[in-house]
Structure formats: C-alpha cells, structure tokens
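Spelled out from the first residue to the last, the chains are:
There are 8 protein chains.
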Amino acid sequence: MDKDKKFEDLNFAKLDTDRLDRTGFMEVVFCQGKSNSQLAEIYDTLLKKYGEVFGTRASKEQYEAVKKVIPEIIYDETSKLLYLEKADKKLVGNVVVCTAGTSDIPVAEEAAKTAEFFGTKVNRIYDIGVSGLHRLLKFEKELKEANCIVAVAGMEGALPSVLGGLVSNPIVAVPTSIGYGASLQGMTALLTMINSCANGISVVNIDNGYGAGYIATQINRLAVK
Amino acid sequence: MDKDKKFEDLNFAKLDTDRLDRTGFMEVVFCQGKSNSQLAEIYDTLLKKYGEVFGTRASKEQYEAVKKVIPEIIYDETSKLLYLEKADKKLVGNVVVCTAGTSDIPVAEEAAKTAEFFGTKVNRIYDIGVSGLHRLLKFEKELKEANCIVAVAGMEGALPSVLGGLVSNPIVAVPTSIGYGASLQGMTALLTMINSCANGISVVNIDNGYGAGYIATQINRLAVK
Amino acid sequence: MDKDKKFEDLNFAKLDTDRLDRTGFMEVVFCQGKSNSQLAEIYDTLLKKYGEVFGTRASKEQYEAVKKVIPEIIYDETSKLLYLEKADKKLVGNVVVCTAGTSDIPVAEEAAKTAEFFGTKVNRIYDIGVSGLHRLLKFEKELKEANCIVAVAGMEGALPSVLGGLVSNPIVAVPTSIGYGASLQGMTALLTMINSCANGISVVNIDNGYGAGYIATQINRLAVK
Amino acid sequence: MDKDKKFEDLNFAKLDTDRLDRTGFMEVVFCQGKSNSQLAEIYDTLLKKYGEVFGTRASKEQYEAVKKVIPEIIYDETSKLLYLEKADKKLVGNVVVCTAGTSDIPVAEEAAKTAEFFGTKVNRIYDIGVSGLHRLLKFEKELKEANCIVAVAGMEGALPSVLGGLVSNPIVAVPTSIGYGASLQGMTALLTMINSCANGISVVNIDNGYGAGYIATQINRLAVK
Amino acid sequence: MDKDKKFEDLNFAKLDTDRLDRTGFMEVVFCQGKSNSQLAEIYDTLLKKYGEVFGTRASKEQYEAVKKVIPEIIYDETSKLLYLEKADKKLVGNVVVCTAGTSDIPVAEEAAKTAEFFGTKVNRIYDIGVSGLHRLLKFEKELKEANCIVAVAGMEGALPSVLGGLVSNPIVAVPTSIGYGASLQGMTALLTMINSCANGISVVNIDNGYGAGYIATQINRLAVK
Amino acid sequence: MDKDKKFEDLNFAKLDTDRLDRTGFMEVVFCQGKSNSQLAEIYDTLLKKYGEVFGTRASKEQYEAVKKVIPEIIYDETSKLLYLEKADKKLVGNVVVCTAGTSDIPVAEEAAKTAEFFGTKVNRIYDIGVSGLHRLLKFEKELKEANCIVAVAGMEGALPSVLGGLVSNPIVAVPTSIGYGASLQGMTALLTMINSCANGISVVNIDNGYGAGYIATQINRLAVK
Amino acid sequence: MDKDKKFEDLNFAKLDTDRLDRTGFMEVVFCQGKSNSQLAEIYDTLLKKYGEVFGTRASKEQYEAVKKVIPEIIYDETSKLLYLEKADKKLVGNVVVCTAGTSDIPVAEEAAKTAEFFGTKVNRIYDIGVSGLHRLLKFEKELKEANCIVAVAGMEGALPSVLGGLVSNPIVAVPTSIGYGASLQGMTALLTMINSCANGISVVNIDNGYGAGYIATQINRLAVK
Amino acid sequence: MDKDKKFEDLNFAKLDTDRLDRTGFMEVVFCQGKSNSQLAEIYDTLLKKYGEVFGTRASKEQYEAVKKVIPEIIYDETSKLLYLEKADKKLVGNVVVCTAGTSDIPVAEEAAKTAEFFGTKVNRIYDIGVSGLHRLLKFEKELKEANCIVAVAGMEGALPSVLGGLVSNPIVAVPTSIGYGASLQGMTALLTMINSCANGISVVNIDNGYGAGYIATQINRLAVK
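Protein chains in written order, with the working numbering: chain E, 270 to 494; chain X, 270 to 494; chain H, 270 to 494; chain F, 270 to 494; chain W, 270 to 494; chain A, 270 to 494; chain G, 270 to 494; chain Y, 270 to 494.
With the rest of the complex left out, here is chain E (with noise of 0.2 Å):
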C-alpha cells in the first residue's frame, strides 16, 4: 500500500487514480446523491486522465448537466448507465447475462453493459424464470459453455438455484425489486439466492448489475488468460 501514489483531490471528492493500477478496473462514478456540478467535475476529469468513463444510477437530469461539458456522453435510459467509451473495443470471452421475466431487463442490462465496457463478450439469454422450464432447458448448452453466469431475478429468486445445478462454472446471482407485498422491495430474492441448496451460486446487493458485470469480467478475465 503505498498511501503516496497519486489520487485526485477535487475536495468533495478524491478520485482514485491509482485503482486501475491495482485493481485492472478504471474508478466507475455511482451517480446516485451527487449534484450536478460535483457529477460534471468527476465526469470531466476521468474522461481527461483516461479518454473514457462509466457512470451508475444516473438520472436523466444528471445526464442533461454532464452533457454539457461533454456533449458526446451516452445516457442508456434502461439501465440508467451514463457513459462514453473508446471505440473498437475487443469483447473476449464469454459472460451469459440471463433474466427470469422481461420486467429484470434494466437490471441485467446494467450487467450487460458493464462487462462489454470492461472488454467481455456477453451473450443475453432474457425471459427464462423457472414457471416455464422448457424454455431455460433449451438454452442448457449456451449457459454451459459461459465462464460465468449472471442471472437476474425478481420475486421468489428461484432462477439461480435451478441454474447452479446444471453448470460448471460460477454464477452471480442479482435479485432484482421486481415483484410486490412481501416480495420486499427485492430483499425476499436476495434472502432466496444467499440460501441456494445449489452449489456455485454467490450473490450481490439488489437490482446491482454493475457489481455482477464486474465480477463476471474478472473471472472472464482468469478464464481467458
């Protein structure tokens, strides 16, 4: 730990400059509770050291403000993701994002995403919940062949658990706040996922696609090696 390697001071905030160095991941900005003067600022100076940035959770209001000092930002209104990226990046690897229901798409999007930002080769597999099986088992060779899974669901959460029993490699579960009374806001799918009888299932906050397209590049990445 060297406390001396460079961050960048703008006094409300301290980029660490340094994370892509330590960790293989530029600093991603989390939108959410930040005004728009401290959101133009961060934007702006990332996109200066690295000539690209990805930001999480933005609101359209946030996009309007970040747009003017960088009229080429990308604002993705499913996912809510508020970006610019380098151009021809090479995807590699193989990530499946996958959904119970249509109404996870945003979240499984912000997977989506995230991983073909940080250079995976994602393969989107949307609408598969385990009231209707034959249609997850029709796709059973495309999730097998995927260095990892990410599978996004509301409700009951029950995706994971029928994948962890079909497949080799690890899979991220994400419970979405899709669903209603005492679904709990997404907590009800998130207690289901951390209890999987499945093996091979570890889990992350609610509705948190970026968190699972993070993790699912990292093992993409030690697969692909």
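Calculated from the structure, these hints are not laboratory results.
Computed from a prediction, not measured in an experiment: that's the story for all the values here.
Incorrect hints may have been included.
[Unchecked claim] Simulated crosslink set (DSS-like; lysine-lysine; CA at most 30 Å straight-line):
id, chain 1, residue 1, chain 2, residue 2
1, A, LYS494, A, LYS359
2, H, LYS410, H, LYS358
3, E, LYS410, H, LYS407
4, X, LYS494, H, LYS359
5, E, LYS413, Y, LYS410
6, F, LYS413, W, LYS329
7, W, LYS407, W, LYS355
8, E, LYS337, E, LYS318
9, H, LYS275, X, LYS407
10, H, LYS359, X, LYS318
11, E, LYS494, Y, LYS407
12, G, LYS410, A, LYS275
13, F, LYS413, W, LYS413
14, A, LYS317, G, LYS413
15, G, LYS494, A, LYS494
16, X, LYS337, E, LYS329
17, W, LYS329, A, LYS329
18, E, LYS329, X, LYS329
19, A, LYS355, A, LYS275
20, E, LYS275, Y, LYS390
21, A, LYS413, Y, LYS410
22, W, LYS413, F, LYS410
23, F, LYS275, W, LYS329
24, Y, LYS413, A, LYS410
25, Y, LYS494, E, LYS390
26, A, LYS355, A, LYS494
27, E, LYS336, A, LYS329
28, X, LYS413, H, LYS413
29, A, LYS494, F, LYS275
30, A, LYS413, G, LYS413
31, F, LYS410, H, LYS318
32, Y, LYS358, Y, LYS336
33, W, LYS275, F, LYS413
34, E, LYS494, Y, LYS410
35, E, LYS413, Y, LYS336
36, F, LYS494, W, LYS318
37, H, LYS410, Y, LYS336
38, E, LYS494, E, LYS390
39, G, LYS359, G, LYS494
For chain E, the structure is supplied; the task is to place chains X, H, F, W, A, G and Y on it using the hints.
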C-alpha cells in the same frame, strides 16, 4: 418435460405457448415493469394465438399503449386488469370472493375477474369483517356452499380465521396492503393468516388477487369435474 | 351459527364437538404448550366421543403421559404425531407429498399422515430438490396426476415454483425450518413461496405439515366427490 | 415530583417506596435477571415495609432462594409468580380474563392473579378461540358485563378483534409466544392486535400478563369508584 | 349475537347499524382507500340514520366529494377528520391528551376530537417531551387528575414511560411516525412503548389517534358512570 | 430539577429556555413536521431570546415562511439547515468531519455546521472511503490530531471500523441513507457501525449529522477546557 | 500507517502489539468463540508483553483453561471479564456508570471495570430507571459532574433520553438484552436510544459494556489532560 | 437435461450420481437434519460409487454413526466436516482463505478444506481484521496473487470492503455468526458485505464456508485451465 415444444421467442420475452396444455391455463401477463412497446407486442402476440388475453397490474399509461394495437382492449381501473375476453363464456361451479372491508375491494375484484376469465362462477360478498360478526353470520349458508372461498382482508387480517371454523371447503386467504403504521404494508395481515389457528387456510402474496382467483379456479374445476 | 350446539367444557379447554358436523373434520389437538394432565384429559375425552384421536407437535414426555390413560396410543417420533386411528380406514383419491431434501421428511410425514388419518390416499416422493432437476422430471407424470401436491422445502424453498409450471392442480407449499444463517428459521423459504412467479401455489406456516395435509384432504374430497 | 421522598437504597436496587402513594400500587418485582441474593434482599425489604410482596417471572431456583428468608412465600409454577399476600383481601368489580387456547393459560393466570393481588374480582373464561365461534358467543353476556376484558391469545391473535365488535368496555390484548414458525415468538400476534379493525383494543408486550392485570385493575377501580 | 339484527347493505359496504346498541359507539368511517362515490353514499346513509357522522384519514379530495352531498360537512386539515356533529354536545369527565413534541399534534388532535365527538371532556397538553423534564413536571397535577391520559410521541417514544411512574390512572400510548432513519416510520416508538418498564401503559397502532380517543372515552365513561 | 424555571409556552410548543443553563446548548429546532406558522413563531421567539437561532431538516417551503418574519435567515440547501448566527464567533479546538463518499456530504455538512454554530473548529475531509485506502492513509496525521472524529458513511458503512484502529480519540459514527437495495435506507450502515470490531466508536441515528456535531462539540469542549 | 511495525503472529491470531502506541489502549481479548488452547496462548503472550491482560465475554470453562497457564488470573462472574491488572493503578477523572434496573448490572460492571482497567475513576449509580423519576433526580448533581455518563438500560431503554436533557457532557448509551417479548433481545432498547429526542447521546452494541467503558475513558482522558 | 440419467434412489434420498458429469463436482452431503441411519446409508453409497465422500455440518453423534459403517471416516471438530478422501490428491492454483478474527476460523476451515478436497491449493491467512490495518497490509502481495480470495468475517464484516480495493481478482465474502447483540447472528455482516462500496465482492450464506470453498474452486479451475 419436452423442451422442444414451442415457445414464442420475442427476445425480451419468451411466451410460454405450451402452458395451456401443461396446466390448463393460458399465460397471463404481469404488466408491471414492462415497457409500453414490450407490452403491446406481448398482448398482440397472445391475442392472435388464443383469441383472448389477460394481464394484471397494468397502469393507465400501459392501457393507452396497448389500446393502440388492440382498440377493443378493456381496462378495469379498480382491479388494474387489462384484458380481452371471448364472448359467451360459460361460468361453472361456485366460488365466493369476500372482503373484510370496502377498501379491500380492488384486490377482491382482481380475484373475482381472474376466476371468471378462467370459467368460474363467482359470488361476491363484500365488507363482512369480524368487528360486526352478525354481518358475516348472515351469509353463513352462502359461505358454506362455495367450493372455495377467497377471503380478502387488510389491517389485522382476522377474517379467514373466523371463516375457517365455519366451512368445510378450502379458503385462500389474500392479505391486502390496506392499513397503516404497524400493518407494514400488508405483512401483518400476511403473518396473521399464515398463523391462523383455524384449519383449511392457505395464503398468497399481499394484494395477489390474481393468484387467489387462479387457485380458486383450480379447486373449483376439480369439484365440478 | 348455533351457539347452543354442544361443546365439551373442561374449563381449561372447551372441546369443539360440533366441528365434525360443521367442517367435516373432528377437532385435532395442538399438543405444544399443554400440561401433561390437560393433554391426557383432552385425549381421553375425544377418544371416547369419536373412537379415534389425533394430535400434533407432541413431545416424548407428553406421549408417556397420554399413554398412561390410553395405552394403545401411537407416537411417531419423526413427525411428532400422537394418535389412535380406527382400523380399516379406506383411503381415496390421490395426493402427492414431496420434499426438496431428506431433512424435510419429518414435516412431510406430518402432512402425509394427517391426510391419511382423514381418508386421503398419499403418494410420497422425497428428495427431488431443484439442484438435480432430472430427479424431479423423472416423476413428472406422477406429479401431474395428483389432485393436490403438498410441496415441502427448506433453505431457499424453490421447489414449488418449479412444480407450479408443470402441473394443473393446486400446490400447497410448506416452508421448513431446515437451513441455517439467512434461512431465518424458515422465513426465507416462506417468503420465497409466497412470491412465487409460478401459479397455483398457496402457502401455510413454517413446518406446518398438518395444515397442508388438511387442505390437501379438502381438495381431494372435492375431487373424488 | 418531590425527589426527596424516600426510596430504599440497597445500592444494587433503589426500591420505590413512594410508588404506592403516587400510583396506588406498591412496587412489584421483575425477578428475571436478578441474582438470588439480590432477590432475597429485595423481597425481605418489601415484605417488611408492606406486609405483602409480589414478583413476576421467577424461576424455581429463585423461589428456593427467597424461601430461605421467607418460608411462607408462594410460588405458582404455571404463572411463575412469587408472592405473599395479606389475608382476607376483598375483591371488587368485574374483570374477565379470557384465552384463545389452553396453551395461553400461563399468561392468563399471570394477569388474573395480578389483578386479584390488587383487589380485583376476576372471571376466567379459557379456550374460546375464534375457530369455534359458538364457544365464544355462548359467553357473550359475561363478556359484555365486565368492566374490562383481558384477552390473551397466541398464534394469529384474532380473539380481541372479534371481542371488540361485541362489547362496550375496553379490551387489553395480550399476545403470547404460543405458536411456531412465522408466529415469530409472539410478534405476529402483537402486530395483529395492534392493527385490529375493531375498536377499544390496546396492547401490552408479548406474554405480559402482569401488565394487563395491572391496567385492568386501574380501569376496574375507576368503574367501582 | 343476533345475526338478524339489521345492517344497511350497500353491497360494497354493510353499515353496522347495530353497533351503537352493542358497543355504545356509532360506526365510524375509515376513509382511506374508499372511492369518492362510495364515501359519499356511506356518509349520506349514516348521517340520515344518526343525525351525525364521523370519519378518519380523509383526503382533501374525499372532503370535496362528500361536501357535494353534505355541504355542511367539516374537514379538519390537521387531523384529517371529516365529520358533522350534533350541536350542544355535553362533554363529561376528564381525559388528558398530551404530546412529546409539536410535530405530534396532528395525531393528538385526531385523538382529542374523537374523544370529544363521543362526549368526553379533553385537556390538551402539548410539547412536554422528556428532554426538558421540568415542562412535564409543571403539569404533574393536571396529569394526575385525568381519568385517562393519551400520550402521543414519535422518535424514541419515551414519554409514556415517564408518565407511567407519576400517575394512577391508565395511559393509552400512541406512537407516531414522526422521526427519521431508525425510527422506522414509528415502529421504534411502538416497540419502546410496548416494552415500557413503567406500569399502566397499553399501546395502539402508529398514528392511531382515533383508537386512543375511543379507548379514553370508554375508560372515562366507566369513571363518570 | 427545578420545575419552576421558565419555559416559553406557545401552547403548541413549550420552548425550553432553561436548556442553555442546564446543558450549555440553546434549544435547536427540529423543523420537520411543524406547520409554517408554528415554525415562524418558534424562530421569532428564540431569536429574540438568544440573538441567534438554529434549526434542522427544514424544507425550502419552511424557509420561505420563516424568511417572512426573519428576512436575514440563512438556508443551506445542502444540509437543510435554517439558521441565523451571531457574528464573529470564535471557533476552538479540533474536530474532523469526514465522509466515505461524495454523496454523504449533505449529512456531513449538517454535522460540521452544527459544530461550528456551537463554537467548534472543524476540519472537513471528504471522500476517503475504504475502497481506496491510500486516500484515507494520506490523512492519517490529521485524523490522529482531532479531539473527535465524526465519520459519515452510507452503503456498508465500513469507514469508522478502519478509523477506529488508527486513532486514540473518540469517533462518532453517522450512518447515511446513501445506497440502495439491501442498504435498507441506512439500517445496514447503522448495524455495521454498531457492531464494529474496532474500539472507540459510538453511533447516532441515520443521517443525524446534527446529533454527531453536537456530541463532537461536547467532547471538544472537554478537551479544550 | 507503517505496515512493518511488529505484530505477534501466532498464526491463528496476529496480536496487534502496535495498538498501544497507535491508540493509547493495549489489545483486549474477545474471548467468545476462541478455543481454550488459543485463549491460553493469547493471554500468556499478552501478559508477558504488557505485564497485564484484559479479556471480555469469557466463559467459566475458558477461565479454567487460562488459569492453568496464569494461576493468578481473575474471573468476575458477573461481568464475565477475565483479567490480570497491574497493582496500584491510579484512577483519574470522573465517569458515571448508571443503570435503569438491577438486572442491567452485569453489563454496567463490564463498562465500569473496563474504564477502571484503563485508569478511569468510576462512580456507580444503579437502578435509577425512569418509572420512579425521583430516584434519578436525587442524583442530578452527581450526574452533572461526570465527564461522561455510561447509561445502561434494557426493556424500552428510556433512561438516556431523560439524562440527555439534564447534563452537559456526553452520554454513551448501552442497550441491554434484559426484557422479553418485543424487547427483541435488546434491539428495541438500541432503537430507542438511537432515536432519542434528547441530545448528546450516542450508542454502542447491545450488552457492550466494554465498548462504553472504552469510549468513556477516551473522553475522560481528554477532559483530564 | 436428460431425465433418464441415473440417480440412486434410496427413497428417503435420491443421490444425484450424475452431478459430477454435469458440474465437475460430486454430490456433497448436508448432514444437518438427517437421521443417523439415513446418513450412514448415504455415506456408504457415495463412498462405494466414488471412492471418497464429503459432508458438512455433521454432529459428533452423526460421526459416531457413520464410523460404524466406515471406520476410517475422518471428522474435523473445528469445521464439522465428515469425510474420506482419496490419497495423493494434487492441489493446483492459488486461493487465499483469510479471516478477520480468530473466532472466524471454524468457518474458514470449512472453506479451505472444501477447496482442498476438490483439488485447490489454499493459502490460509487468519486474523487480519481491519482494526489493525498493518497486519492486513503486510500480506498485500499474497492477497494480490490469489486467483480468488475467500474473506471470512463476523461482527460488522468490513474485511471484504478493504480487500476489494486492493486486489484484482474476485472475493467471495463469507459472513459469520460471530458477534452478539445487533450482529443478529450474522445478518449484519451479511448485509455489510452485500452493500460493499468496493467492487468484486459477492456473498454466500452466513457461516457457509463450504459454498465459498466451492466457488473459489470453480474460479481457480478456470484460472489454471
């Protein structure tokens, strides 16, 4: 399980067109969380396949979107159901849908209309909560005659416990989010019903009128077979 | 409601001797929390009235106490049931009681024996949890033929969700307290089952095999009527 | 508030000898968590001061310890009360203590004996839970005549809701820890009672028979004044 | 229980017109969750029957709707009560309604006005929370003279515990949703009050001023009888 | 406790004008939940009495209302503080207010400005969360020199645990509601901090910057005495 | 941060021998969960290094094990502390440790003895809970004189709120697990204290007397510096 | 999915003998909740099939029962693993298993031995919790070199957050039930880890060392492929 049976792959959704054969019920659409364009395409596809279509938890905005492709679609503002039904459906058997209070009616209507869509004859008895027991007892005969009772209640959710001691057929208890404070958005009513000292009571999710109407139909079908 | 119909008043207990007429089921004893002398008197009274008696959640010590007044009483250590049954009971219909794992069997046996006590024919299928899907699918035909399935599962409780997509008749889901950590003594499995994306699933209390066996009997009776 | 009024300072305890004047009730001992020697000293001091003494939640071991200094002390194993009472107490008024089931009796006895210790006439009506409504209705007249009803119930705790619609005087609801699984050691019954749709119901802690007996006495005293 | 006593059947509601005879209180309307047309019909029916009408948790929009059929209806924006009262009501007895803070006043007013509607004389003492004990002690005499105290408090809800040690008559504790963070929308205050080490405290639902005013009236009636 | 010491009785509020003498801090206004007219009267009264006034959790609308009676009142939109301060306040001692992230700054500013209002010299160190440890270690010396550290963090709230191992003076940990999903609106950060394996950490309510600034001032005053 | 400073590596434990320099407190042993042999080795190592040793939450069995290697070790059964202390320690300053009830004393003793081990002069004031306010007010002067108050309370935990309004110095609130039912093993007291309307209160974990004694020492050291 | 692939049907258990082919891991036995005779039969069957056998959460009593049929079975009291392993297993790759404290070692050993059973080379680094950061930083190089880190921590569970900022490969976080009070038997540590502000962290169930060892093996296999 024949994984090669068809499903309709819209990419963002894989419509389970085999479900009617497997379970006796066509696929019903969970509208919440789907985009307008996704929903319109799903409704259009299902209607073409089955000649009718049924969805739950639709917003007014979603209704407007679907209406553009299916002008004759019906939206019930009370129950938030969005559907189009074959004419001259013959309703059979006898299911009672009852509520503890007037404020529980939207959930009860979701249950009742679901059961009717799937061919069940429904007897509605609303506002017979336990704080005025004579109202409930007045309907004792009708309650006893039902093949299944759907009992809908919020706040402390005591209605199913009282019914359970009076009748011989199963009761599907539906907790509602009606209440405030320590009702915990319906969790209290759910816990009450799950712990009932009376027999013959099983429980579905908070505000899940649809699920209760579905199960009542299953039981009613067995009874009228 | 005829309040003048008899009940047997033992002061510490008021045995509901009218229940068989009202509901088709004689009163069953909840043994937990009753003193030995209370329990012995209740068993004795009910046995004299009905020629048989059935109680749940009995401890070994309670069994010894009741045995003193009813030497032929039967205690099943697995299910903690304490009962004496009329001979030559004819079992009818078809209910499946299945479990996700081996450790869920005590609860399943409570369900199965309750259903049998009340005249239901039971088909036991144990240890078909979703982490080895081929085991479950092997029994697809048997599962489809049941008038009602009692699905018993702990940990994440995903079994009913998978069954719900395969069969046409109702599933009574029983969460168990099997698991550890975030299984929260069965609350996680309960929440999973309550939020199932599959249809036809209603839920009873954690480890409440008795309740599930009762409801399965109600449904089975409607089916064989 | 006169801070100079006496209290008995035992260092580890400061006995509130002014309480009888302030509130009309002498100090009652919460035995749980106190050491044997502390308890013996407290009992001895209070008995000398008042000629009687009353404590709750005493273990058998604590009873033995106190017995050494007060040989005539009485221990009720059902209610876990440890007390010595003046002779020839005149009981006045009319309070009903009722339970939903037989297993709730220990808590009810704590309530009833507390009320009696403080001079209240108590009418016990046990095992009138709502799953056999005719039992409860049989006692409708007695219930209506009470100045206050203490309603003790575990599991789903529906009894107070039904009583609330029948009577004109206040009901003190006592949830008990009787039940299992999602009864959450009595939290479910507590929540049920707090959310009652019926009027006139207020709630005390789980298994707090003492508190209910105290409040019933306060109300009864106002009524007989 | 005479189930043949009349109730007014509006289909969506069954007005309990027998309640005044049974309990001494006419039916009060829980406005939340009822449609405008339902509410107007209920108010109209009750007003015709009783010459007065009283409802809780009404929105401004509901007030406007009811006003169309009952122009003289009164809406109190602070307490959200919607009512019309007979003139020249004589108020009797003595109930104190007090609050810990200024922000708790809306709930306190619901309690006070409910008690007054049912004929109780109310003494309001607001903002005497425990962080400035001298304020509370200044009113010690007034507090001691009340037949019943309604104690309204949010945040940590410590007020009833302090009052409980000072007075001889019952305290009805009302937790409020005032606070933030770990106040959990009032659950913390509710739990505090339920666990009070002081005696004579029973608890109603969060923000349930109505329920407390009702119980205070019951107790006050017994005292002035 | 002298209950006859003055308080200012506005009926809806009893301003604790004795508090400055008792505790060394004048009364601070909790604005949330107070009506505009109540707030204006309270501010006016306190300002006249003390020559300055300080309130927390004020909305913009409340600011406008108070501004009408106190035109020079200051509203800080970041921290939601509404105050007017004596000029030329001398700040003493040394308190560090630090945050884990940029989004935690509003709560930190509430803490910092509160401490400054009460005369404490504050050193702000923002965005030194544990995922880039070198940033935090860079400030090790400044952190060690503070008489008290206010550590503000949302999400998992790990910052105080790391600080606790580095410094000798007390840390007041403030969990924030920054995060999503299983952060449970700050409950997770609160639980983390309460369970810290490091020593010297005590915790205040979620987002309670004010409380932390108050305690830091108490400690700082003891240190500079 | 000098990572090369020594720590004692026992493999199963890495004793932080640098801690005294960094924080002013030597490492204290958390005994719970450690094996007998591990504990003995840790105690032996620390004692040799520092000439004294201090551990919390030790069982009697652990005491016996440590006694074999350190015959003069002292075990306090009340507080579960296991320690050996240098002779003739000079205690400075003034910290009050007070409790609401007698049953809270074990936790209070953990706090008091911890503070004393680290050189703090402690004034114990036990059983001054708020249900008999005159007891607490009797000690007002002593409470005001302390540099820091450790306030220990179970059940509803109201004691710190009342103290907070009386004194000028910081209060460290310690919730205890004393209570039953909805006290939720101390969570209720913790929540009460976290939400206190009084100022100057921060909170440590349930039953964490050690943590409170540590912080009180930190504050006391600043005051006596 | 070939449902006709063999499983071993013991009635009470259906051993998934196809799992090794599907997932690369043979079936592991969850011992908890199984009867002695069931366990012995399962171990015997698996051992005959695979030449080795591995089970988790075994009690000493279960060990004795299995030992009767497999005398050479090994029971590790620390980790509660019950197993028999092929000789001369070659361990490959590099996984670090680390703990925050000494009391977390039993869970860590479950993880480490599981990984080793499945062929992974494990580097154990115990007691490097964040309250003495220099210990952790001393091992920075070893931590960075691992293909996967299993981070085991109880109490507030901050360890993975600190690691996440230092390394490039995935961290599997295992919360433990070590702690007390508001640690909520490990739920706090679980929530902390799920909400980590650091990247690359996914979580398994409380005390689920087995699950973490399994996933670490999956990742390690991908890395060494």
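**Q.** Index of numbered hints that the structure contradicts, given in increasing order
**A.** 5, 6, 7, 10, 20, 22, 23, 29, 35, 36 and 37
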